[in-house]
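Same order as they appear, the protein sequences are chains A and B.
According to the UniProt record's numbering, the first sequence holds residues 1 to 146 in order.
According to the UniProt record's numbering, the second sequence holds residues 1 to 146 in order.
Calculated from the structure, these hints are not laboratory results.
Please read these numbers as outputs of a predicted model, since none were measured by experiment.
Each hint should be verified, as a subset may be incorrect.
Derived lysine to aspartate or glutamate pairs resembling EDC-like cross-links, with alpha carbons at most 16 Å apart [what the hints assert, rightly or not]: (1) K126(B) / E48(B); (2) K121(A) / E48(A); (3) K126(B) / E29(B); (4) K121(B) / E48(A); (5) K6(B) / E29(B); (6) K126(A) / E48(B); (7) K121(B) / E48(B); (8) K114(A) / D75(A); (9) K126(B) / D23(A); (10) K114(A) / E72(A); (11) K6(B) / D140(A); (12) K121(B) / E72(B); (13) K126(A) / E48(A); (14) K114(B) / E48(B); (15) K6(A) / D140(B); (16) K6(B) / D100(B); (17) K6(A) / D100(A); (18) K46(A) / D75(A); (19) K121(A) / D140(B); (20) K126(B) / E48(A); (21) K126(A) / D23(B); (22) K46(A) / E112(A); (23) K6(A) / E29(A); (24) K121(B) / D75(B).
Number of protein chains: 2
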Amino acid sequence: MTLELKPGQELARGVCRHLASLDFVSIEEFTPKTGLRVDVMALGPKGEFWIIECKSSRNDFQSDKKWQNYLEWCDRYFWAVNSDFMTELLPEETGIIIADAYYADIIRTGPENKLSAPRRKTLLHKFARQAAMRWHNARDPGLIHL
Amino acid sequence: MTLELKPGQELARGVCRHLASLDFVSIEEFTPKTGLRVDVMALGPKGEFWIIECKSSRNDFQSDKKWQNYLEWCDRYFWAVNSDFMTELLPEETGIIIADAYYADIIRTGPENKLSAPRRKTLLHKFARQAAMRWHNARDPGLIHL
Chain A
1 MTLELKPGQE LARGVCRHLA SLDFVSIEEF TPKTGLRVDV MALGPKGEFW
51 IIECKSSRND FQSDKKWQNY LEWCDRYFWA VNSDFMTELL PEETGIIIAD
101 AYYADIIRTG PENKLSAPRR KTLLHKFARQ AAMRWHNARD PGLIHL
Chain B
1 MTLELKPGQE LARGVCRHLA SLDFVSIEEF TPKTGLRVDV MALGPKGEFW
51 IIECKSSRND FQSDKKWQNY LEWCDRYFWA VNSDFMTELL PEETGIIIAD
101 AYYADIIRTG PENKLSAPRR KTLLHKFARQ AAMRWHNARD PGLIHL
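Next up, chain A with everything else stripped away, as it sits in the complex (with noise of 0.2 Å):
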């Protein structure tokens, strides 16, 4: 698998390498609805969601004008940036989390808010079809989408 990863992709690796760590699967730029895709969505051991969205710079995340779209489809919401980012530029009530292409670390956990049952349900249906699909291109290279 080629591993030329963009900058927020390297954060997004070393994110989902500490997710691991805390028994949380997750999957890379998954879509929640149509036209909303999201860094990293995170699935916890009691069916907990965790959106984390990587910034590489203050302009990257200055330019994201879709974030708080994203608060509606987790529990608990998180930014991660590498460690020469200024932190205080992230808005207050919101998780932080300090990550390089290796590793991660949260540093701030922020509140939670509970998704509702039946966006659960819908979401973690979404989530594991993204998941099962990906992994079968992995490893069924004639595989043929129709």
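Starting from the known structure of chain A, arrange chain B on it as the hints suggest.
Here is chain B on its own, set in the frame of chain A:
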């Protein structure tokens, strides 16, 4: 990814390709509970779960003493066999898929026995986590499970 498959795994590959054409996602060697491993677990667009056991020979089928334990973990149950298999051997009230390494066809659907809502929820959570974990292992070879 290595493609040296055993006969049963070849059937599973063909089965998963056909399921994809029906908008079912699937994972192989799925564990619904400790000690129970099914050849293919498929998840449909409406949340349906199908189990498909792949039998490469008469002997392979007749030595399976566990298959009835799988019934309570799916809405529909199928056998996948190759075109030489004497399908008369297969129990009534089960579905049949004729498969090879490249493709498959459902020739008997068998009855539907709907999962209870709590069990469906548990299964969906396990399916999501197993699929995401395998996809994570594939996309990040540097991942170390703790």
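Here's how the hints hold up against the structure:
Distance check on the hinted pair: K126(B) and E48(B) sit about 14 Å apart at the alpha-carbon level, within 16 Å; holds. This hinted pair checks out: K121(A) and E48(A) have alpha carbons roughly 11 Å apart, not beyond 16 Å. For the suggested pair K126(B) and E29(B), the alpha carbons sit about 13 Å apart, so the restraint of at most 16 Å is met. Distance hint between K121(B) and E48(A) is fulfilled; the C-alpha atoms sit about 14 Å from each other, no more than 16 Å.
Note on K6(B) and E29(B): the hinted pairing holds, with a Cα-Cα distance of about 13 Å set against a maximum of 16 Å. Distance check on the hinted pair: K126(A) and E48(B) sit about 13 Å apart at the alpha-carbon level, within 16 Å; holds. Only pairs whose Cα atoms come within 16 Å are accepted, and K121(B) paired with E48(B) is accepted, the gap being roughly 11 Å. At most 16 Å may separate the alpha-carbon atoms for a hinted pair to count; K114(A) and D75(A) meet this at roughly 5 Å.
For the hint pairing K126(B) with D23(A), the CA-to-CA distance comes to about 13 Å; that is within 16 Å, so the pair holds. Among the hinted pairs, K114(A) with E72(A) is consistent with the structure: their alpha-carbon atoms are about 9 Å apart, no more than 16 Å. Simply put, K6(B) and D140(A) have alpha-carbon atoms about 15 Å apart, close enough for the 16 Å limit, and the pair holds. At roughly 14 Å between alpha-carbon atoms, K121(B) and E72(B) fall within 16 Å of each other, so this suggested pair holds.
Pair hint K126(A) plus E48(A) holds up; C-alpha atoms about 14 Å apart against a cutoff of 16 Å. Taking the CA atoms of K114(B) and E48(B), the gap is near 8 Å; set against the 16 Å cutoff, the hint holds. With a C-alpha separation of about 15 Å, the suggested pair K6(A) and D140(B) falls inside the 16 Å cut-off, and the hint holds. At most 16 Å may separate the alpha-carbon atoms for a hinted pair to count; K6(B) and D100(B) meet this at roughly 12 Å.
Of the pairs offered as hints, the one joining K6(A) and D100(A) holds, with about 12 Å between alpha carbons and a cut-off of 16 Å not exceeded. The hinted pair formed by K46(A) and D75(A) meets the criterion: a straight-line CA distance of about 12 Å does not exceed 16 Å. The suggested pairing of K121(A) with D140(B) is violated, with an alpha-carbon distance near 28 Å, which exceeds 16 Å. Distance restraint check for K126(B) and E48(A): the Cα-Cα separation of roughly 13 Å lies within the 16 Å cut-off, and the hinted pair is therefore satisfied.
For the given pair, K126(A) sits about 13 Å from D23(B) by alpha-carbon distance, which is consistent with the 16 Å threshold. Annotation: proposed proximity of K46(A) to E112(A) holds, straight-line Cα distance about 14 Å (limit 16 Å). Taking the CA atoms of K6(A) and E29(A), the gap is about 13 Å. The hint holds against a cut of 16 Å. As the CA atoms of K121(B) and D75(B) are separated by approximately 13 Å, the hinted pair is consistent with the 16 Å bound.
The structure fails to meet hint 19 from the earlier list, while all remaining hints are met.
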